[in-house]
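Undergrad: In case you want the letters, here they are:
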Amino acid sequence: MTKKYGMVIDITKCNGCYNCFLSCRDEHCGNDYLPYAASQPMQGHFWMRVIEKERGKYPKVKVAYTAIPCMQCETPTCVAASMNGGAYQRDDGIVIIDPAKAVGQKEIVNSCPYRVIYWNEEKRLPQKCTFCAHLLDQGWKEPRCVEACPTGALIFGDLNDPNSEVAKLVAGGQTEALHPEYELKPKVKYIGLPKRFVAGEVVFKDKQDECAEGVKVTLKGDGVEKTIKTDNYGEFEFEGLAVDRPYTVTIEHKGYAVKKIKAKTKVDVYLGEILLSKAVAKK
Amino acid sequence: MSEQVFTSCTVGGAISVYVKDGKIVRVRPIVIDEKDMKPWTIEAKGKKFSPPKKVKTAPFAMTERIRVYSEERIRYPMKRVDFDPNSKDRRTQNRGKSGYERISWDEAINIVAGEIKRIRETYGPEAVTGITSSHHNWGTMGYKTGPFMRFLGSLGFSFVFDNPDSWEGFHFGAIHTYGYFWRLGCPEPYDMLEDTLKNAEMVVYWSNDPAATWGTYTGGESQIWRLWTREAGIKQVFIDPFCNYAASTIGDKWIAPKVGTDLAMAFAIAYVWIKDGSYDKKFVDGRTVGFEQFRDYVLGKEDKVPKTPQWAEKICGVPARQITALAKEWASKRTILSCGVRGGFGGAMRLAYGHEWARLMVLLAAMQGLGSPGSGMWGGGMGGPFDGNFFFPGYADVDGRLFSTRAANKQINNPVQQRLYRLFVPECFTNPPVEWIGEGFCGQSIEQQLKPYKYPLEGKSEVKMFYRYGSSFIGTMTETNRWVKAYQSPKLEFLVNQDCWWGGETKFADIILPACTNLERDDIAEFGNAGGYSAHGSSGANWRIIVRQKKCIEPLYESKSDYQIFGLLAEKLGVKDDYTDGGKTEMDWVKRYFEISDLPKRISWEEFDKKGYYVVPVPDNYKPTPAYRWFYEGRPCDTPDYLNPKRNTDKAHELSSYSGKIEFVSQSLAKHLPDDKERPPMPRYIDSWEGPASPLAKKYPLQLMSPHPRYSFHTHYDTHSSWLKEIPGHRIIIDGYAYWTVRIHPSDAEPRGISNGDVVRLYNDRGSVLGAAFITERCKPGVVHSYCSSIKYDPLEPGKPYSTDKGGCVNLLTSVRTLSKNAPGMAPNSCLIEIEKWEA
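Residue numbers (this note's numbering), protein chains in the order written: chain B, 31 to 313; chain Y, 6 to 845.
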């Protein structure tokens, strides 16, 4: 069976060191690899872009780094938008913008909804990540970005080889596409794309010098219902929630009045300190 | 010409350098034959952890190619246009604003050698001083301890003591608590990775961002260790006013004290443990001294102020309940305290009384049984499985330094007794006499840091000439407008700067000499191993790799190797034979270093030179010896900590503090400085002289924290590697100018009308610096985070002290005041500022 190259990007392992971005620049800036790619300009192109997304509010903050190379779509819009073979897909699935034939075809840049194609003004050329095809064809095992990643957050291999790590991860069902709604069948998949969290700290109003550990917190909404207990800091966190959905958080503890808080996950929600008051005894 | 691949090494990792037609075309992590990689495995918590067969560098190492070809390389020897070596008037007031003209190497060497000769003959050898920056290159032979020191040592010169920079608190505090002066107060690291994974339940990273400090010199190698820690189910808690890179990505909990108030939090943790009785009483009884006095202070018996979490909350801004919860969790779980270098370098010890925090770190670790399984102290950037018995010299080892190594036939002893202290060099140039205590890096003894010094020495000349190598001080020292003023001092008759690149200080020199990078000359070195005070530093890498650093290309433009440049001067000044040790070439030295190491026992020179590397394997029968386990168990030290003076003696079971134990009440301070109120024999909480409780906070309400940078190293790479300008965590390009990144919380930005991406001015009475606002929830409100170490000093009014700097040297804003009176370490994180939107 022919090879089909793919990449899995595990965001949970990335701390945003930019080794991928920099090693990509080292490979491609000032170096022509014809007929794979002309050299990348020294500034302004991000064939391997790293997006830093800050989540939550002080003091509940997380950062997710999403590395975004060309998605190497199985149904690439850039190929469809190109003329005279300006962009094409190889048998191994790698999408190449031909550095000679694509000259002047700016519409190739605009055809990509992932915005991973960059216009080289000097060369009048659309350019993007090639999975370092020029190296793979020489026998390299992986592109420069993958080699340079210190944590193994970038995984590269043959999706058609069931024993490859990428194929196993995809088969394991943990991976997902970035923007599946584009329906372009990208061969770059993600683990741990940031979703939304709802978090907070429960504080007993009458005992503010103690952390409210073991308080029952229930989250309900968007067809899910989850119950957890606050940790030793009185904190709770519901992670991996859907975007822009209404949820209700219910906080219950014996002897205290039940508290309900509404949260909408347009962004990650940190509810801050939530004071629980003593239940008022019924007369 | 076909492609050639050379091996080399950088401060961020070992690399393979691809060269085509005499030009570098690619730099990748060093490529090692898989047959040469025998991975170790740690089994812990039912899992197996083993490193991938690859080498991982720091990000900046991947920019080595464009750094070599940087537009900011110094290309030719240069002379300041209004500098005339034949005139008495040196127009020193124009330093920093005058332009330069190109001169020939002959002319440059004649001027420099002529001035050295004139000044020595007129004033004596004491009148010449010089100092290098650190870390711009890598290589045992060619590093700053190499040609520079051998040349000036051969001549005789006023040596400049380096102030301990980066681990100040441990140097001035921890040494008086548990010894370890040979590590400058930092803990031994051995086998702590294995101990953590196997035995720990929690790691508390206190003022430590292991994702930003790269194990110092071991690049990205240990980044995976934090993922293993997570995989092993070990909770990772971070204490830092900034939600740092490790905290924000793999942290389970972030606790943010106000800058410089960590000490109060530490005392409150001790309070909870004492109240609960949840400390290791057996260890405290048997292995420490002075606990009763400490306990009484913590409980408030001494000053009527119990150091409760409620007390600490008022100071540090962390809710008392959170401090209590942390203390209780720490006592109930086997916890590694992660601080104290190689991963550490934390800001909590680089501020007012930072030595007291460092002492408390050792004392808290002691209260939980330092050295018991899973309860050690570990920075997180050394301490992997490692063959500590295989010897290869690092540049800071006696055998690594070109002047003292046994690789030489003749060792060089600088005959001049006069000394300067780096932190106070500007005062030496502008306002002598200057007094201080301590011999800089005090790795020989506890007493070494108590020795008083005075400049100038009685009856000796002040310095008239400064041979400066590098350009880092405005970006790394404190209150650095002092340097701008000092360089213009008429006392300084002659100022040379030698470097590979232009930087903030270059433009003050009278003569500028272009050096080549270590990719343009031959050398030999070990990845991650500086040696000396951080012995076995390469245990922060998964692979111990000794690299034959090859000359990849010819020196660019008219640059020369440092060994050549100082050779030319040595010849003119009649010390060539001493300098070259009887005519050694660079390659002769490289071979000699090979010969004095353990390499010949394993590999021939020819094979090593051909292959370009040797990987020192972890022995098959490897037996881990975790740090401090010997001390906990009362056994003789069994770690390979070769500089420990009691090792292999009848006192090998003791620490090297005066009592041989951990000292709640320091016996060394009690003996030598019993009346020091700022660093008393027993640590106490004192409010910062420039903190949130200071009167100055009314005028300058924001606290500036300026840790070591993440995407550059020291001042290196930065703008010399232009790609870094496009990493928003490093610099932000606004209207074509790459401003230094300044992080600020929205609640501080909004009332000042500051939006994300605005150019902002940071200022106080000491300086004024521009940067780019990065608004973030990762800063505690009231805290501004901006890394130290900008290489670019770009004053709006060149040559004018206190001019606003566009380049981003936030160190201009910091205070020269030291940790405390008798502890001359830098305190850059005790710095109050105000910020405004900059309208140019």
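Careful, some of the hints might be misleading.
[Stated by the list, open to error] Here are some, though not all, of the chain Y residues that point toward chain B, as calculated from beta-carbon distances under 7 Å:
# : residue
1 : Lys28
2 : Val30
3 : Pro130
4 : Gly225
5 : Glu782
No wet-lab data here; the hints were simulated from the structure.
Each residue gets a CB set at the ideal place from its N, CA and C atoms; glycine is no exception.
Undergrad: Check each numbered hint against the structure and report the violated ones by number, ascending.
TA: Numbers 1 and 3, in rising order.
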